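Taken in order, these protein sequences are the chains called A and B.
Sequential numbering of the first sequence, starting at 448, is according to my numbering.
Sequential numbering of the second sequence, starting at 37, is according to my numbering.
Be a bit skeptical, because a hint or two may be false.
As the list claims (entries may be wrong) - Derived DMTMM-like pairs: lysine to aspartate or glutamate, alpha-carbon spacing no greater than 25 angstroms straight-line: (1) B:Lys281 <-> B:Asp344; (2) A:Lys449 <-> B:Asp344; (3) A:Lys449 <-> B:Glu706; (4) A:Lys453 <-> B:Glu716; (5) B:Lys394 <-> B:Asp344.
Honestly, the hints are just simulated from the structure, not real lab data.
Note that the structure is a prediction, hence the values are computed from the model and not measured.
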Amino acid sequence: MKVHIKHWHAIAQWRWDIGKNDDDDDGEGDVCGICRVPFEGCCPSCKMPGDDCPLIWGECTHVFHMHCLLQWIGTAASKQQCPMDRRPWVTAERKVDAGNPR
Amino acid sequence: MATDSLRIYTSAKWQKAFERLNGAEPGIQGLLSFSEAWQIASNFLYPRDINDPGSLKSQDMQRVRAAFDLVGKSRMLSMLLDKFLEDMRRQQYLVERDVHRYMAEYESAGKAEAIMQLIFRLVAWYNAWKPINELGPTILSAYTLAFQTHIFSIFPPSFSRGFKQLIASTFDLVSASSPPPWAIPRDLPPTEQPPRPDYMLWMSCETLGLLERYESLISSVCYEHIEAHVHETCAKKWDEPMLPKLRDWMTEKIVPWMIMPYARGARSADEARAMLQGVGSRFDYHVCKTLCDLRIQEIFDIIIDYPDSQSALQDLKVASSRPGLDDINVIVDRVRRRLQECLQRVDQRSQLVITLRKANKKRLLHPGADTKVILAQYVSIIRCLRIIDPPGVLLYKVADPIRKYLRGRADTIRCIVASLVGDGESGDSLVDENEPIQPLQQMQADDYTDPNWEPEPIDAGPDFRTNKPSDVISTLVSIYDSKDLFVKELQVLLTQRLLAVKDGNYERERRNIEILKIRFGEAALQVCEVMLRDMTDSRRIDQHVQAQKPMPLHPTIISKHFWPPLQTNSFTMPGQFREIQESYAREYHLFKPDKKLHWLSHLGTIKLEIELQDRTISEEVPPLEASIVELFSQKDTWTVDQLVTEFKSVEKTAILKALTTWVDLGVLKEEESDRYKLLEVAEAVPSRSKAPARSAPVVEETTHTLSAQQQQAEQMKVFWKFIEGMLTNLGTLPLARIQAMLKFAPGYDRTIEQLAEFMEAARREGLVQVKDGMWKLCR
């Protein structure tokens, strides 16, 4: 017997690739350390999640909603530090591992 | 012991009396002629038996007149009258005999004709005994009064019944071309024609004073006539306004009739109109009231028939609020009418409310009625009562029980939401397409600076809310205190529809969302907006991926937090499915480097073509079915237990169901219990005969999403962990304390009542026990 797929209407969720490979379904997912909203949600000033409200990676491995972090960096009190570990914030270069996401 | 003065006084009196009778005649000449005149006069007046032709008067009128003159001159007329009345009293038995005769005839036959004959006969008696007109009005009226008193006293009780019957027959009489023989007296000369068929009847009644005495009876006959007509013509006729027709009928039939009993004496049309005005407005009022009562009795069915029954509602509105003839403009009348109108309004309106509430309770608000039906009827009630009573007092009173009832129904929200988005299947949605879409209206306080402000209607209850006529949806949504529930349910519904869409045409959904945005506000529907964007994004991404690498897989990629919780029993697809998924995910990752895909493998549908040795089968199936058939392509025989271990998280029942699908399609065969085998070659007889019998589509409307209720239950499971924890640590706790502590839990939004319900449910399951309001775990 041969099974041919003619058309497949599937449903998937997108997730940010934040480097962790835990594929647990029921995990609530990580939240942004600033606004406490899941990464896959959007920061308080946005309405649309995803590409309109992207994430930002620090070299300290901490991840935030970009808008959240930029707002934090913009305040004087931040002293340009990562809000989690108080190290100077350096945005990490995301190297896209093109061939193999997993 | 007569004193002198008394003697003198008496003789003077006697002298005076003698002189009065004797006049200026010498001797007792005057006295003699007076006595003769008295004789003639009293003889003339003496009431005779009209049945005895010999006794009829044949006096010389000349002499009689002279005699009356003389008696009058002697100022003895009052004495004569007394004697006459006395004679009459003695002769009464003659009349009485006739009355009894005719009444007996009436009672045996029951026909109003007998009463008519009786009346004519009495008129004949009356005329026969009537003194001549020269005696002046005093004597005539004294006679009439005495005669009438007498006949009234001898009428048996059945007379009023008969008279009523007679009056009722006059309605037909007035339009008859010529009077029937019973309606004219026998002795009427044939040359003399009465001006109207019922003329003689009314005139006779008038003569006998029956009209005054039975005035209320006559009007009640007319009332009954009106009622009968209204019921006959208007019952169950709601498609045209009846009130104008009834008014026409009044002018054509009742007004001509009314002229005789109420405006006989009128000399001109104007005079007649003035005389008819009072009674006319009473009758008109009665028409309105009867129609009103009738419509109120029918109101439930009228509402069901809406909008075909719109005319009936207009009638009801006009009839219940504006009784009275239109042409009345006399101030006094207007004031009275106002008063009447108010009274009318108040008692009819409450009648309407009571009747409708009763009908609703009996016919609508019971478990047998579909929620959709109740909602539709509620909407009709809203529309109908708004026609009758724009301020909405009636509606408020009637709607209250319905709203309470709807609040208690589990599927009310779903029904409302389904109709909001125009659920195709029901055909007619609750929302009128023509109604302008407005934002939901909030309750607003009275604006007293508004020059058009009007006080609440007088019959508004204390808790009446002055909501301006708002649209139907606002009213429906306001059944619940918050609109969040609606938005949640809407999301669920939208999810179902979006995930079911295959051809990528979301225009309908988009339009619905736009409409609902106007109603619920932009912010509330933000989530739905994201859902729609996910749909379009998915298509864009898919186009890109397909361009890179054509694949049969076309996923809908959703943003997890913006969709209602989906069922979570996902599984890993086997074989080529997994490969396709992975390769698609790779392409996706190339396209969107910082994102990856997480498949919800149990959702969606797959169109398969299964190539067997002797046949190919094309079928659209859910993913689980597809996975199973894929497994069979690796190995011919599987047991259920093997399959269960293969799909770890899938329930056995689901697997069995999927297997049955393939068995029905003749692809698999259950060899022995729980052991299935692939049929490379079709097994001719049994499966073939089975196959066409199965008509149900393989792809069912699987609900992907948990309903709002299930979601709540799901959440409550989490909170139960909290409750269990605190009861373990602290022993016993009162409900209020539990509630207070749960408030600290994230996302807890239940009221204490809901918590109480939940705890009660837990108690029934034997998880907890309660004593004196303290809750404690069962161990």
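Please flag the earlier hints that this structure goes against, numbers listed from lowest up.
-> Those not satisfied come down to hint 2.
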